[in-house]
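Trainee: Residue strings, one per chain:
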Amino acid sequence: MAGAIGTESGAMLAAPGRAAGLGGLGLGSVRAVLLPVALAVAALAAWQAVVVLGDIPPVILPSPVSTLRYIVEHWDILLTHAVPTTLESAIGFVLATLLGVLLAIVITYSSLAREALYPNLVFFQLIPKIALAPLFIIWLGIGMQSRVAFAVFIAFFPVVIATTAGFTSVDRGMLRLCRSLTASEWQIFTHVRFPAALPYIFSGMKVAITLAIIGVIIGEFITAQAGLGYLIIFATARADTEVSMAAIVVLCVCGLLLYGLVALGEIVANRIFSAEPA
Amino acid sequence: MAAQSATRPRGPGVPQAMSGATAPATPLLRIAQVEKVYGGRQGPVRAVASASLEIGRGEFVSLLGPSGCGKSTLLMMIAGLETPTSGTIELDGSRVVRPRRDIGIIFQDATLLPWKTTLENVLFPIRILKLPLAPYRERARELLAMVGLSGFENHKPAQLSGGMRQRVAICRALIHDPAILLMDEPFSALDAITRDQMNEALSEIMDRTAKTVIFVTHSIREAAFLSDRVVVMGGRPSHVILDERMPFGRPRRLAIEETPEFGQVVRHLRLTIEQAHGTAPSGRSAGGE
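Protein chains in written order, with our numbering: chain G, 1 to 278; chain U, 279 to 567.
Keep in mind that the hints were calculated from the coordinates and are not lab data. In this text, a Cβ means the ideal position worked out from N, Cα and C, and glycines have one as well. Be aware that one or more of the hints could be misleading.
Sample of chain G residues with no beta-carbon within 12 Å of chain U, all distances over it, derived [stated by the list, open to error]:
#, residue
1, R31
2, M174
3, L181
Chain G regions said to be covered by chain U (calculated; three or more residues, Cβ under 8 Å) [as the list claims (entries may be wrong)]:
#, region
4, 191-201
5, 268-277
Build out the structure end to end from the sequences listed, making use of the hints.
Mentor: Structure representation (structure tokens):
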């Protein structure tokens, strides 16, 4: 079996080493980072200037500096409230992802389930689900289970839709090849369907994590004894706008943190299941 | 129809790879009165009507015909991916009723896993068949060397040209040493120049491996160049209308396509198809590439 047989000369030589342009940070990428940061800083500066020069009372609009000062001075209080919110969001997100992928598997493999379930799921997407939040308190009480359940409820839809799209995106020829090799459904799932669906699953998860946080915050707005949503409502009721603003900033940080974890997972998965050269 | 089923080794001094336990006259593949009827909306459609065919070990047989003549359907039935409505298909002494481990298959698209390397893609059947990977890794490298892809083991499909991807698919189809190789218009998505190169390369690969091949195509020239036998399918409902041995020696180079002998064979095949169908399949372009 020695010796090569005729080659398509051009493509053969051109194929390796196409990494150019991916490596160093060019002028363009510096610009891409600098420009949005500069705009954000400018907006904050304008905000600060308006509050100071316009002599706006902190009850109406606290300045960025005073908000930051509050966060630095009372970080322990904020942290106490950030923990349950973040934890409940994370639990809700994980459950939503598991439920979403599970439902997608059912929809993919059972035509009965697909025909019965899928149109209803899509229809359900149209409902303003936030309106149902108070019912969850009635059904599940005022504990964290009602907030987590509500977070799951509003977060699992994008996972189902995206994952189903991923499972069914698999090339039919690839499936035929697997069948011709006597592959079991489980083998097709683990070797082909699941890896092919991963980018879809992650895009669904990224939407789900933000929705899960929204779900928990809404739950806390309605009834809670702790959490950033509770703090925002509580402080706003007492016209303590500075505290609300600080809580919102911390909430943003928590949201970014959770989103960052999902994005990190996506990077790891991409590295394993990438069409790009290793 | 199955008149010419005797085994004829291809290429000088190529040993028969398959076990010779049975009499040499026994065909590897026996297709008997196979019919395929699909239940369509406007009544049943007969995709294949009573196809009978015998293919010997080591033979390279093309199924030639226009689109919709049932040649791909017949190939899928041989692969066990479709079930005949009636009739039987026997491979290596046992009936084909479902997909089996002793066939290798190549489609129009390479259908490689985009996130796997060339080597891993070639080893894919080994993983599915749960065979030990270690001994096949070396074989995969040898196969890749044979098709001219040494040094591309760790490339991903996106880094390969269409022709190279199809070569990987050929290696993947051969990795588990199947009794028969089924090729469903494997080069029809390639450009004309690459297609010519692939035809020559395939001819040489098959001379070396001495595999039995069934090659579905709608290109008359491709069928004539590659095959020991060309089986023309056509008519309504579709059946085998011609089963002809190609009078060219091996190894074959593209230059034989310039000979008057080759032109005559192509002309004969074209006329046969025209008579059965009214028009030639894919006209001059299919042959001219």
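Trainee: All hints are to be evaluated individually against the structure, with a verdict given for each.
Mentor: These are the hints, each one checked on the structure:
1. Look at R31/G: its CB is around 29 Å from the nearest CB on chain U, clear of 12 Å, so calling it non-interface holds up.
2. With a least beta-carbon separation of about 5 Å from chain U, M174/G fails to lie farther than 12 Å from that chain, contradicting its non-interface assignment.
3. Its closest Cβ contact with chain U, about 5 Å, brings L181/G to no more than 12 Å, contrary to its assignment away from the interface.
4. Three residues within the 8 Å Cβ limit are the bar, and the region 191-201 of chain G against chain U gives 3, so the coverage statement holds.
5. Chain U is given as covering the region 268-277 of chain G, and this holds because 6 residues of the stretch bring a CB closer than 8 Å to a CB of that chain, at least three being needed.
Against the hints set out earlier in the document, violations occur for numbers 2, 3.
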